[in-house]
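2 protein chains.
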Amino acid sequence: MNSSSTKNHKNDNKSLVDRVSAGDMRSVARAISKVEDVSRDASELMKQIFPLTGRGLVIGITGAPGAGKSSLVDKLAMYYRQQGERVGIVAVDPSSPFSGGAILGDRIRMQQLGLDPNVFIRSMATRGNLGGLARTTVDAVSILDAAGYGKIIIETVGVGQDEVEVVKAADVSVVVLVPGMGDDIQAIKAGIMEIGDIFVINKADREGVLSTEKELEALLSLAMREDFWHPPIVKTVATEGKGIEELAVAIESYREAHLKAIAPDSRRRAIARWRIVELLRERLVAQTLESEGASDLLDRLSSEVASRHRDPYSAVEEILRRSQ
Amino acid sequence: MNSSSTKNHKNDNKSLVDRVSAGDMRSVARAISKVEDVSRDASELMKQIFPLTGRGLVIGITGAPGAGKSSLVDKLAMYYRQQGERVGIVAVDPSSPFSGGAILGDRIRMQQLGLDPNVFIRSMATRGNLGGLARTTVDAVSILDAAGYGKIIIETVGVGQDEVEVVKAADVSVVVLVPGMGDDIQAIKAGIMEIGDIFVINKADREGVLSTEKELEALLSLAMREDFWHPPIVKTVATEGKGIEELAVAIESYREAHLKAIAPDSRRRAIARWRIVELLRERLVAQTLESEGASDLLDRLSSEVASRHRDPYSAVEEILRRSQ
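The listed protein sequences derive, respectively, from chains R and V.
Residue 193 in the numbering used here sits at position 192 of the first sequence, and the numbers go up by one each step.
Residue 81 in the numbering used here sits at position 80 of the second sequence, and the numbers go up by one each step.
Just chain R, with the same shape it has in the complex (with noise of 0.2 Å):
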């Protein structure tokens, strides 16, 4: 690429980058493509959004499937929208490339919250190897903030490794749990349990929920967090928007209570850190397999592993050895 090409780019990134900050929908859309294609030029462009970024509240929610997480969001939107602000949405789907699945999460999702011009929905899938779910959402969330929407909601379907980061790079977390889900809770929250800044019990109104709210208050009576913090416990029935104020209300004082503190800025140290790390392994992988004759080495030693003629180590080393 010749300097004038590169000029080019970085006046084609500027444009977009004035047009994201205006809030043109279509331009955060593509924006975002961007950063999902692991392309170079995303780097010029997340360059000159992150400085517009640092106003929106970036809100993380997490559970299990089926504890109705989607609902909560689109309701937690509705009620924001009321507020008059502009929400963002980001829904992290880990699921196959093949599926579709995040494709029919935003079919469903159209249909509730429609085509209001000031909610922005976006699903974020696994599409590859090398673009790392975590990064491009963390990367998507910054292009809503710069873009000025006041309440950015990332969800998440999974309580995976990535999922988890997702959430606690939000400035807050809030976990979604359900009445009764068996043998596994004592796991599950054990698991969540330094995530949550607040706890939802979603379906309410199932049987249970007195049992679980017990559990879930010994829990969290045992920890002990560096910012004095104690989660509270709010109770939803999000099909039918009870509660929804109340969980708005837990946000907004765990928002209070962090502008005046200082534990934050730890917290957000961790997640500069966390983000920098991320980006540096895609680079570094990309680097090395977008390297000329990369591809087909692979491809020789993965038949070669895929055989048993050799093991993953020594062909990492190879890999290593040819590109230093």
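In short, the hints are calculated from the structure, not lab data.
This structure is a prediction, so every number in the text was calculated from the model and none was measured.
It is possible that some hints are incorrect.
Repeated chains share a single entry, so a pair holds when one copy, or any two copies, can fit it.
As the list claims (entries may be wrong) - No more than 20 Å apart at the CA atoms, straight line, and that leaves these computed lysine to aspartate or glutamate pairs for EDC-like:
#1 K48 with E319
#2 K169 with E253
#3 K236 with E253
#4 K48 with D25
With chain R fixed as given, assemble chain V onto it according to the hints.
Only chain V this time, still in chain R's reference frame:
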């Protein structure tokens, strides 16, 4: 490191590998701890372990939290024990490193499968940023395979990106559902359709089994698999041991069908490729961040990104420039 210490390392590994291949449980545990440590040493160990693998059947079991996977895995393990098989269980727990979720899981388990010397149970948790959970899990499976465990069961708590990859890397993948998961069932199913070689509807004594089964059948009838395998649906009540034999039969049928088929070849190559790329990713980041001064640089850049004086992309570029 001079050549004599390298030689000693190799000798240490040699005797460890010997003890692993003799099926010594303590050595298996030690070997797995080594691959979790992201220590340089694990590479030599795994090179020697790899040629000993390929004999055991690796069964991946996934599904939402609350689906009763742990009970199902325990009962399946007991069934295999009754058949005289040695069983390894690797539970993937993507929970916070502080929560102790994995340890909790182990303790509950030990009461059930007792101290049977022919059952090896290990929980893999996220312990840091650098060691990938997916890579350490497949390495642990290889070690159990080399140690002569005939059936190796990988259980994942989540349905995240890494967890899906791990399950895909198994010889046979089992997806566990429960009746009446509500609104999210379409989305979940869409996401896991491609993964499941066998589907289990657990807690099949609950309401809604029939409709869940019908929905699932409808979805499966739409899918066209490369290997023409039609994934069977097995109904279980794991806590009562019901349907466990049927599940074992389904697993065996899949294994037999694929011993003769040609399709798994491409699957094996895809798995090998994924293992190489995962390991490469980890190695490249470790090399870069373990170089002299890199830690201080990362700290400084993290602070700058956290205070918005810098964007993550230019931070990564600075790290890359420095390391080249």
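So, going through the hints one by one against the coordinates:
no., hint, in the structure
1, K48 with E319, "between (34 Å within a copy, 13 Å between copies)"
2, K169 with E253, "within (17 Å within a copy, 41 Å between copies)"
3, K236 with E253, "within (16 Å within a copy, 45 Å between copies)"
4, K48 with D25, "within (19 Å within a copy, 54 Å between copies)"
The structure agrees with every numbered hint stated previously.
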